[in-house]
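All chains, full assembly: derive it from the sequences and hints.
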Amino acid sequence: MYRRNVWIDSVVLIFLTAAACIMLLPYGWMVLSSLKSNMDIISGKSGFFPEHPSLDGYKTVLRDAPFGKWLFNSAVSSVIITAATLFTSALAGYVFAKHHFKGKKVLFLLILATMMIPFQVIMIPTYLITAKLGLINHLFAIILPNLVSSYGVFLAKQFIEDIPQDLLDAARIDGTGELRLMLSIIAPLILPMLSALGIFTFMSAWNNYLWPLIVLNDMNKMTVPLALVYFNGTHVVNYNVVMSAAVLITIPVVAVFLIFQKQFIKGLTMTGMK
Amino acid sequence: MPNSTIASRSKQTSAAQTGPAQYRSERRFVFVSLTPVLLLFGVFAFLPIAWSLILSVYTYSPLSGHAVFVGAGNYVRMLGDAVFLKSLWVTCKFVVITVAVNIIITLLIAMAIQRVRSRSLKDLFRTMFFLPTIAPLAGTSIVWSTMFHYRDGLFNMMLAKMDIAPVQWLSDPHYALLSVIMMTLWADIGYNIVLFMAGLDSIPDMYYEAAYLDGASRWHMFRHITWPLLGRTTLFVTVTTVISYFQAFPQFQIMTKGEPYNETRVLALHIYDQAFSNSNMGYASAMAAVFLVIILFITWLQLKWGRTQWEY
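Protein chains in written order, with this note's numbering: chain H, 1 to 274; chain F, 1001 to 1312.
These aren't lab readings, by the way, just hints derived from the structure by calculation. All C-beta atoms in this analysis are idealised placements derived from N, C-alpha and C, irrespective of residue type, glycine included. Some hints could be false.
[Claimed, not checked] Taking beta-carbon pairs under 10 Å as the criterion, some of the chain H residues facing chain F (in silico):
1. L13
2. L16
3. T17
4. L107
5. V148
6. A245
[To be verified] Derived Cβ-Cβ restraints for the label pairs, each shown as a range:
7. H:F72 with F:K1304: 46 to 52 Å
8. H:N38 with F:D1123: 37 to 43 Å
9. F:S1171 with H:Q158: 47 to 53 Å
[To be verified] Calculated pairs, DSS-like style, for lysine-lysine (alpha carbon to alpha carbon, straight line, at most 25 Å):
10. H:K105 with F:K1304
11. H:K69 with H:K59
12. F:K1304 with F:K1093
13. F:K1257 with F:K1086
14. H:K266 with F:K1122
15. F:K1122 with H:K262
Listed below in structure tokens is the structure:
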């Protein structure tokens, strides 16, 4: 790199530190607000810091709201969606990359084309289909349309194409069935791609708001982001309660991110996915 | 086992194995594995696209249950619908401003982080900027709406410290869109910072060294090395950001609901409201079709510009 300039370096460092502080500010606000007591809020003159720190907000969330149920709904649907998406993407990717059949090109192009379709375009018919299937207010309404991912199929095909054909032939001679072949030989070879896809699928399933908003109304069936917004509407005044709920749903995501950060960043640059 | 052995073995047998049995079992595998996958794509992707386009020439309310064919009626109605036209305008305003500011900020921050020498400090900064992108946007929107509170929100508290009159962040028509833009930028810049950092990493140091020996200024280096070599990344980042901001929804639905005076009524929110609050599913589908055309147009532009700019 070209010559260092201590002056510019320190300006850069100050700029970054200030910007990073701004980025963390809303988190600080969220945590501190969650610790405010009702007294702080009613007095109306509550500052940045809680005057009488209390855990009342957390107690109310855990007592008055089916918080465990929400977490369960989110966890179950996100895990099923992620597992299914990884499986169907690898399977379809394998078929499209290494098998030959009539209409393959057209089918693959069709799947690829759905990547460009904004969700707003298909949400109305998808709602009508889901309603016809009798799934409104059912967790399956969230899971079923998300079992496949065109992006996943596309990525898996790209990565599986690079696997040498000889390796697959060798396994076939040893009598390995196609499904076994995919699970025990192909899957491990594309593991970096699968783990990136898995993390992204899980995150977007966990954070999804629009689709659950359309198909879930029953408070006990809601996933966390949806429930949080609903809960916000019923607890506008006591925002320490809402902030406590926000803290509780942010902690698991942040924890997951900090654990898988390396794979996450790698996946983002590898796939250019958003 | 050495590679050559595998290769020669497979050559012998793959010739021997193209028998009908092998062929049949492969056909069966393709059929059995692809059928459920294609069925799901069919029911939840292909069918809805076609259905949406068909629905756009009907008036349909799920409450009454029967559809009336109106031809281009919905599209004509759009042209005279002040709220729709306004939402189109607001969407463009939101996308253009937010994308432009996003690209400038993220490129600046990415270049700044790249200058940090310590590896761990670099990672720490990247993590801090990336953290908001992983939090659910719905939760983030709620936290930000409390920060925008008139009476005891964070922003008015800070303004009060500076002796500036408080602002109705989310309900003043001059500030509402700006407030949502601030929140969106906070929640979203992490992605592009990471992508720009990767793009900067791929520029070889020797270009800068050569430029330095030639006595080039910092601005010249940026103008003639960094910017052109980053072209591909910038194009990719811009297009994906434009497309994702066109579809921005939770922050608008939660923070402003399109108010005040429809100043924050973006198209995505308007389609949702028409379809699910007003039960005008035909009309909403027609708007969705317009939405689709806009997105496809942007994608086409990407392909067109991409072809000319990627050759350096």
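Going down the list of hints, with the structure as the test:
1. L13: holds, 7 Å
2. L16: At about 5 Å, which falls below the 10 Å cut-off, the nearest Cβ of chain F leaves the hint on L16 (chain H) intact, so it holds.
3. T17: Since the shortest Cβ distance to chain F is 9 Å, the answer is holds.
4. L107: Given a least distance of 7 Å, the restraint on L107 (chain H) holds.
5. V148: holds, 5 Å
6. A245: holds, 8 Å
7. H:F72 with F:K1304: 46 to 52 Å: holds, 48 Å
8. H:N38 with F:D1123: 37 to 43 Å: For N38 (chain H) and D1123 (chain F) the Cβ distance comes to about 40 Å; the hint holds.
9. F:S1171 with H:Q158: 47 to 53 Å: holds, 48 Å
10. H:K105 with F:K1304: Holds - the C-alpha atoms of K1304 (chain F) and K105 (chain H) are around 23 Å apart, at most 25 Å.
11. H:K69 with H:K59: OK: K69 (chain H) and K59 (chain H) at ~16 Å, within 25 Å.
12. F:K1304 with F:K1093: holds, 24 Å
13. F:K1257 with F:K1086: holds, 15 Å
14. H:K266 with F:K1122: Holds, at roughly 15 Å.
15. F:K1122 with H:K262: With a Cα-Cα distance of about 14 Å, the restraint between K1122 (chain F) and K262 (chain H) holds, given a limit of 25 Å.
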